[in-house]
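A.B. asks: Below, each chain spelled out in residue letters.
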Amino acid sequence: MEKRMIYFDNNATTPLHPEVKKAITEVLDVFGNPSSLHGFGRHARTYVEEARQMVAGFIGAKPDEIMFVGSGSEGNNTVLSILTCQCRGCDFDECTGKELITTKIEHPCILETSRCLMEKGVKVTYLDVDSDGKVDLGQLEQSITPMTGLVSVMMANNEIGTIQDIGAISRICHEKGTLLHTDAVQAVGKVPVNVNDLGVDFLTLSGHKIYGPKGVGAVYVRKGSPFCPLIRGGHQERGRRAGTENTIGIVALGKAIEMRGHEMDEEEKRLKRMKEALRKGIAEKIPDIHFIGHPVDTLPGTLNVSFDGAEGEAILLYLDLAGIAVSTGSACASGSLDPSHVILATGLPAECAHGSIRISMGRENTFDDVDVMLTVLPDVIARIREMSSAYARRQ
Amino acid sequence: MEKLNWVYTDKVLEHFMHPKNILTDEEAFQADGRGLTGNIKCGDQMIVAIKVDRDKGVITDCKWKTFGCASAIASTSIMSEMVKGMKIEEAFRLSPKDINKELGGLPEHKIHCSVLGDKALRAAINDYYERNGLHDKVVREEARVVCNCMNVTDHEIEDAVLEGARTYYELQEKTKVGTVCGECKDEVERLLEFYKNKHFCNTETTAPAGT
Numbered sequence: 001m002e003k004r005m006i007y008f009d010n011n012a013t014t015p016l017h018p019e020v021k022k023a024i025t026e027v028l029d030v031f032g033n034p035s036s037l038h039g040f041g042r043h044a045r046t047y048v049e050e051a052r053q054m055v056a057g058f059i060g061a062k063p064d065e066i067m068f069v070g071s072g073s074e075g076n077n078t079v080l081s082i083l084t085c086q087c088r089g090c091d092f093d094e095c096t097g098k099e100l101i102t103t104k105i106e107h108p109c110i111l112e113t114s115r116c117l118m119e120k121g122v123k124v125t126y127l128d129v130d131s132d133g134k135v136d137l138g139q140l141e142q143s144i145t146p147m148t149g150l151v152s153v154m155m156a157n158n159e160i161g162t163i164q165d166i167g168a169i170s171r172i173c174h175e176k177g178t179l180l181h182t183d184a185v186q187a188v189g190k191v192p193v194n195v196n197d198l199g200v201d202f203l204t205l206s207g208h209k210i211y212g213p214k215g216v217g218a219v220y221v222r223k224g225s226p227f228c229p230l231i232r233g234g235h236q237e238r239g240r241r242a243g244t245e246n247t248i249g250i251v252a253l254g255k256a257i258e259m260r261g262h263e264m265d266e267e268e269k270r271l272k273r274m275k276e277a278l279r280k281g282i283a284e285k286i287p288d289i290h291f292i293g294h295p296v297d298t299l300p301g302t303l304n305v306s307f308d309g310a311e312g313e314a315i316l317l318y319l320d321l322a323g324i325a326v327s328t329g330s331a332c333a334s335g336s337l338d339p340s341h342v343i344l345a346t347g348l349p350a351e352c353a354h355g356s357i358r359i360s361m362g363r364e365n366t367f368d369d370v371d372v373m374l375t376v377l378p379d380v381i382a383r384i385r386e387m388s389s390a391y392a393r394r395q
Numbered sequence: 001m002e003k004l005n006w007v008y009t010d011k012v013l014e015h016f017m018h019p020k021n022i023l024t025d026e027e028a029f030q031a032d033g034r035g036l037t038g039n040i041k042c043g044d045q046m047i048v049a050i051k052v053d054r055d056k057g058v059i060t061d062c063k064w065k066t067f068g069c070a071s072a073i074a075s076t077s078i079m080s081e082m083v084k085g086m087k088i089e090e091a092f093r094l095s096p097k098d099i100n101k102e103l104g105g106l107p108e109h110k111i112h113c114s115v116l117g118d119k120a121l122r123a124a125i126n127d128y129y130e131r132n133g134l135h136d137k138v139v140r141e142e143a144r145v146v147c148n149c150m151n152v153t154d155h156e157i158e159d160a161v162l163e164g165a166r167t168y169y170e171l172q173e174k175t176k177v178g179t180v181c182g183e184c185k186d187e188v189e190r191l192l193e194f195y196k197n198k199h200f201c202n203t204e205t206t207a208p209a210g211t
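Chains as they are written, first to last, in the numbering used here: chain A, 1 to 395; chain B, 1 to 211.
Think of the hints as simulated: they come from the structure by calculation, not from any bench.
Be aware that a few hints might be false.
From the structure, some residues in chain B lie toward chain A, with a derived Cβ separation under 10 Å [said to hold, decoys possible]:
no., residue
1, PHE16
2, ASP32
3, GLY38
4, MET46
5, PHE67
6, CYS113
7, VAL145
8, MET150
9, TYR168
List time: in silico SDA-like cross-link candidates among lysine to any residue, alpha-carbon distance up to 25 Å [said to hold, decoys possible]:
no., chain 1, residue 1, chain 2, residue 2
10, B, LYS174, A, GLY224
11, A, LYS120, B, THR179
12, B, LYS176, A, GLY121
13, B, LYS41, A, SER143
14, A, LYS285, B, MET17
15, A, LYS120, B, TYR169
16, A, LYS62, A, ARG385
17, B, LYS11, A, LYS214
18, A, LYS120, B, MET17
19, B, LYS20, A, ARG385
20, B, LYS176, A, ASP338
21, A, LYS214, A, PHE31
Partial list, computed: chain A residues near chain B (C-beta under 8 Å) [unchecked claim]:
no., residue
22, PRO192
23, GLY309
24, HIS354
For each residue, glycine too, the CB sits at the ideal point set by N, CA and C.
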């Protein structure tokens with residue numbers, strides 16, 4: 001490639017950290033089944049358990065409260081599906097827990113699963129968010145009934161970056177006697193996350209959003225919480241998730257988390273400065289725009305911005321041709337024909353969602369990338385607006 | 001790398017990168033007919049403006065503006081080239097399939113984005129007829145109710161097919177057609193085949209390999 005490509009889509013996925021790559025190569029020959037009693041198995045087991053300790057320590061959990069899964073989506077599916085468990089021995093009280101409360105801005109893996117649960121007889125309430133994407137705590141308090149079995153609120157939103165006050169949410173949930181799950185796939189490794197400070201009962205995290213590989217994630221299950229496996233047929237992960245452990249993926253996740261421990265604090269500050277430069281530059285150079293998401297409680301590298309009269313997929317593709325990768329809330333790019341449900345939930349009109357792009361920066365991005373973006377983007381927007389039937393510059 | 005992964009043909013890319021005949025100054029263009037279709041709430045909108053040689057009944061110029069994605073931009077750009085010099089009646093019959101063929105084939109899930117251009121063109125032609133007192137020539141695309149129970153029209157079925165419905169069941173999911181008495185099933189299945197054929201037949205084979 002002659003042209004330098006700029007990757008601004010770190011909320012979609014991230015490149016492997018060089019140390020993670022090294023760890024993966026080193027463990028490639030550790031082929032033993034961690035469940036085997038012999039030396040090969042025990043050897044593999046030590047790698048898996050070391051990674052478990054690493055993940056647990058990073059979020060303030062105990063190692064036996066961490067189970068490894070195949071993805072963030074699997075983790076979220078597992079936790080929500082506890083609600084319809086009808087097995088004896090799964091200690092989930094089926095007389096008191098048939099209601100789920102979640103929000104309108106969750107990831108599709110929560111929304112689709114909750115829709116499926118609804119068909120199985122679970123009552124689901126979707127909480128509103130305000131114009132910055134914050135959950136309405138009053139509405140949460142009012143929605144919890146003695147029948148509420150679980151509340152699931154995502155910690156940081158993948159599209160607009162807004163971070164919820166999970167601590168306050170967990171206090172409300174526990175006062176009212178219900179359990180709280182948080183999808184922290186976008187939060188863990190980007191901002192400090194401690195399960196005890198937050199007071200959550202379940203938490204999901206993923207490897208590939210934080211410079212680990214795809215296909216591995218973890219779920220925190222607080223000791224004593226009810227649980228029911230989604231994948232059955234083995235005693236792995238203390239009987240909570242059948243399937244031979246993905247040793248390589250788990251080791252890589254452990255290493256990715258370890259590196260986050262070293263790099264996160266500095267990087268958070270750096271990304272915040274870069275985002276501020278980007279936000280300022282866009283606001284100065286391009287008229288008629290809207291930034292979407294909470295101005296303060298937000299992921300350090302995520303900036304969502306909507307351009308009046310410009311369609312998101314067109315913006316994405318013109319940027320792509322200029323070597324810059326972003327994502328969009330436009331329906332056209334998703335293939336679903338529906339614009340971003342997150343942006344619609346903030347109360348912005350559909351045309352804002354259709355005209356929005358998400359810039360998500362990560363550890364490999366530099367201030368130079370921001371400068372290039374600020375040179376290319378104004379031209380792209382001007383060009384699209386010039387042929388737009390829906391743009392007239394405001395005076 | 002970009003070349004290999006690019007889901008559009010070179011022709012689509014060319015018209016996306018260098019769109020032709022953009023209506024930058026509407027007043028100066030002084031259109032003989034103007035058509036607007038789509039809605040920015042739905043994510044795409046199109047304006048097509050035409051100049052007509054009345055004596056010859058030929059479109060002499062065609063310009064456009066859109067709030068739309070790459071496919072909408074490219075397909076309308078190429079359409080605006082195709083209709084120049086075309087008889088009005090012929091231009092009125094131009095179908096998304098003709099445009100798609102000229103573009104060398106769009107990915108199937110992008111075809112629904114490309115149907116706005118010719119719709120807006122027909123609206124512009126009707127507008128031209130009306131402005132010139134040729135009311136008998138105006139052809140309105142009236143929707144016909146197919147499913148009386150759920151009040152579903154043939155247009156809604158066509159839209160559902162464009163949005164990806166390929167089976168009777170998928171049509172029902174999208175439009176609720178035939179979900180009450182079911183009497184319209186035969187007619188709906190006939191329309192389903194008709195619209196699948198109209199928009200998607202042979203798109204696989206017209207798209208050059210490796211694009």
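A.B. asks: Does each hint hold? Answer for all of them.
C.D. replies: Hint check results:
1. Here the hint on PHE16 of chain B is kept, as its CB sits about 7 Å from the closest CB of chain A, short of 10 Å.
2. Below 10 Å, beta-carbon pairs count as interface contacts, and ASP32 of chain B has none with chain A, the closest being about 19 Å; its hint is therefore violated.
3. Annotation: interface hint on GLY38 of chain B holds; nearest CB of chain A at approximately 8 Å, less than 10 Å.
4. Among the interface hints, the one on MET46 of chain B holds; its C-beta lies about 6 Å from the nearest C-beta in chain A, closer than the 10 Å criterion.
5. With a least beta-carbon distance of about 4 Å to chain A, the hint placing PHE67 of chain B at the interface is held under the 10 Å criterion.
6. Hint status for CYS113 of chain B relative to chain A: holds, with the closest Cβ pair at about 6 Å, below 10 Å.
7. Interface restraint check for VAL145 of chain B: the shortest CB-CB distance to chain A comes to about 23 Å, outside 10 Å, so the restraint is violated.
8. Because the beta carbon of MET150 of chain B sits about 20 Å from the nearest beta carbon in chain A, more than 10 Å, this interface hint is broken.
9. A distance limit of 10 Å between C-beta atoms decides the matter here; for TYR168 of chain B the minimum to chain A is near 20 Å, and the interface restraint is violated.
10. Proposed proximity of LYS174 of chain B and GLY224 of chain A is contradicted: the alpha carbons are some 44 Å apart, above 25 Å.
11. The suggested pairing of LYS120 of chain A with THR179 of chain B holds, with an alpha-carbon distance near 22 Å, which does not exceed 25 Å.
12. Between LYS176 of chain B and GLY121 of chain A, the direct Cα distance comes to roughly 23 Å. Compliance with the 25 Å bound is thereby established for this hinted pair.
13. Straight-line distance between C-alpha atoms of LYS41 of chain B and SER143 of chain A comes to about 31 Å, which puts the hinted pair past the 25 Å bound.
14. Under the criterion of a C-alpha separation no larger than 25 Å, the hint pairing LYS285 of chain A with MET17 of chain B is consistent with the structure, at around 22 Å.
15. A C-alpha spacing of about 22 Å is found between LYS120 of chain A and TYR169 of chain B, which places the hinted pair at or below 25 Å, so the restraint holds.
16. In summary, the hint linking LYS62 of chain A to ARG385 of chain A is not supported, as the alpha carbons are separated by about 54 Å, beyond the 25 Å threshold.
17. Proposed proximity of LYS11 of chain B and LYS214 of chain A is contradicted: the alpha carbons are some 35 Å apart, above 25 Å.
18. With a CA separation close to 49 Å, the supplied pair LYS120 of chain A and MET17 of chain B exceeds the 25 Å bound.
19. Pair hint LYS20 of chain B plus ARG385 of chain A holds up; C-alpha atoms about 15 Å apart against a cutoff of 25 Å.
20. Pair hint LYS176 of chain B plus ASP338 of chain A holds up; C-alpha atoms about 18 Å apart against a cutoff of 25 Å.
21. As the CA atoms of LYS214 of chain A and PHE31 of chain A are separated by approximately 19 Å, the hinted pair is consistent with the 25 Å bound.
22. The interface hint given for PRO192 of chain A is broken, as the beta carbon of that residue sits about 37 Å from the closest beta carbon of chain B, more than 8 Å.
23. The interface hint given for GLY309 of chain A holds, since its Cβ lies 6 Å from the closest Cβ of chain B, which is under the 8 Å cut-off.
24. Because the closest C-beta pair between HIS354 of chain A and chain B is about 4 Å apart, less than 8 Å, the hint holds.
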